[in-house]
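Chains as they are written, first to last, in the numbering used here: chain A, 1 to 290; chain B, 1001 to 1259.
Hints are computed from structural coordinates only; laboratory data are not their basis. The C-beta atom is built at its ideal place from N, Cα and C for all residues, glycine as well. Heads up, some of the hints might be wrong.
[Claimed, not checked] Among the chain A residues that face chain B by a calculated CB cut under 7 Å, a handful are: (1) Pro68; (2) Leu151; (3) Leu152; (4) Ala166; (5) Phe169; (6) Thr176; (7) Gly178; (8) Val179; (9) Ser220; (10) Arg221; (11) Ser225.
[Unchecked claim] DMTMM-like, lysine to aspartate or glutamate: derived pairs with alpha carbons at most 20 Å apart: (12) B:Lys1061 x A:Asp7; (13) B:Lys1080 x A:Glu171; (14) B:Lys1089 x A:Glu171; (15) B:Lys1080 x A:Glu172; (16) B:Lys1054 x B:Glu1014.
[Unchecked claim] Covered stretches of chain B (in silico footprint by chain A; criterion: 3 or more residues with CB under 8 Å from a CB of chain A, positions within the stretch not fixed): (17) 1008 to 1017; (18) 1070 to 1081.
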Amino acid sequence: MSTFVKDLLELEFLQNAFFAGILCSIASGIVGTYVVLKRITYIAAAISHCILGGLGAARYFSVVYDLPWLRPVYGAIFTALASALLIGYISLRAKEREDTVISALWAVGMAIGVLFIFKTPGYNEDLMSYLFGNILMVSREDLYLIAGLDLLVIGLTYTFYYQTVAVCFDEEFARTRGVAVEFYYLLLLCLTALTVVLTVSVVGIIMVIALLSLPVAISSRFFASVWKIMIASTLLGMLFTSSGLALSYAPDLPSGALTIVIAGVAYFLTLIWSAFSRPTLAKSNAGNTD
Amino acid sequence: MKLDSPSPVVRFSEVNFAYEDGITVLENINFSLETGEFACIVGPNGGGKTTLLKLILGLLKPISGSISVLGKSPGNAQAKIGYVPQFSKFDAAFPVKVLDVVLMGCLQHSFFWGRYSEDQIAKARSALAAVGLPGKEEQGFASLSGGQKQRALIARALVSDPHLILLDEPTASVDVAGTEQFYNMFEELNQRFTILMVSHDVGFISGRVKSVLCVRKTLQIHPVSELTGEALQNIYGVDVKLIRHDHRCSEKGHICPHS
């Protein structure tokens, strides 16, 4: 632990990793709250897996056609937004078989990614870092990208807070009030897509959904309003990512996996805690009958 | 509230509706709902009750026929309709304060940089008082009982100063004694608003309701029978009335002189 603190003050790559975790937690805490409340974790997971196709394709074309400006993250952003809009369109139009279509996108996106990565000349270690994350590879440029996303998410949430909460709570009623439900739903999916892309660098494609949902699952047991849950989830995310990084450093463990294990342990401890405090909750609810 | 406007609040003429799979849900629906009415839609599940509400709200479009709501097309009249869905549709643990639920009724298309005004908050508080939930503003919606949740949703419909209130099975999860309290409240609200509600109960309707629309693909308007079965009263413990399903009324409907 002391080597971690000492190195953190000296090594730039470690500082980048540390701040990537902190900054990602802001976007994932806020967007994750919406994802959990709107019950679209499955959609968020599908988007996160789809982006492997974009990552793989961008890297393939970058290497094969010698296009150094084409960074994999651009491919990921494009694929994430495209799949978010496609899934959004499907779930707004077709009410049935939505999950089948989402599953298909999920798997096909990954399959395309695997094919591109397989055919890309050179060393293919990147596949592992996409799937499981490699926070130590985060660059300064990535940090600016994540900080920009944070500003976007905070700005939009502040501006449209009541509308977005109303859409999550009761879509149909919001529609009768003249709220542009489709717009906010697609906006939410696009923000989810961008958050997922940038969080992938911290915990990887497979585990990103845990970083979106676990802090919210914990904090929603303690707070009864949406903005409080957003703030608490952000703080919890910061705690999980930085402790995951710190504890994985000396024993040289994958930090993304350790971050998720820490978040999972915290979640189960919360469940146990609420199971024991249930009797008092039931007592206070008993007085609440009509 | 204006109770003396001459045109009907809702008018359906020759309305047909089918979902995309082609199965006809509503066929040749004709009725009008006058200002100050307290009407109840009854019918079997899948008979088209909720579809009828959604047509009035403009959430669904008829395949033929015309609908006018407050003299406008349904989509344009939304702002003047207070819609109360069933509370059981909602996420029971959704983290939101009761006051914030009620304030959702103030949302509008133009609502931007959204913050609620003092005026809107005062209105929301008085709406909560009107439905019998004073002092519950800061409590979590999730911590309310079923009946209280339903009341909060009624308050949410009241804050936008509606002309018409649409209720979708408001007493579905409320016991008989609670149902009677709800009807007391509806009767009070009916002094100010035109009310159209969907009931899950096909056989019995509170005596407070003035007319009954029976929907089963087609629509028939029944009077609320004047006969009050004493035996039924004993069973239910409240004032219930029989609907005479054998009777057919004119399209204008039948308004029972009861009040």
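We went through each hint and held it up to the structure:
1. Pro68: Given a least distance of 42 Å, the restraint on Pro68 of chain A is violated.
2. Leu151: Result: violated, 17 Å to nearest chain B Cβ.
3. Leu152: violated, 16 Å
4. Ala166: This hint holds: Ala166 of chain A lies near chain B, its Cβ roughly 5 Å from the closest one there, short of 7 Å.
5. Phe169: Check passed: Cβ of Phe169 of chain A comes within 6 Å of chain B, closer than 7 Å.
6. Thr176: Constraint on Thr176 of chain A satisfied, holds at 5 Å.
7. Gly178: holds, 4 Å
8. Val179: Holds, about 5 Å.
9. Ser220: holds, 6 Å
10. Arg221: violated, 9 Å
11. Ser225: Check passed: Cβ of Ser225 of chain A comes within 6 Å of chain B, closer than 7 Å.
12. B:Lys1061 x A:Asp7: Distance of about 65 Å is beyond 20 Å: violated.
13. B:Lys1080 x A:Glu171: holds, 18 Å
14. B:Lys1089 x A:Glu171: Holds. Lys1089 of chain B to Glu171 of chain A sits at ~11 Å (cutoff 20 Å).
15. B:Lys1080 x A:Glu172: The hint holds at about 16 Å.
16. B:Lys1054 x B:Glu1014: The hint holds at about 17 Å.
17. 1008 to 1017: With 0 residues closer than 8 Å to chain A, the segment 1008 to 1017 of chain B misses the three-residue bar; violated.
18. 1070 to 1081: Check passed, 3 qualifying residues.
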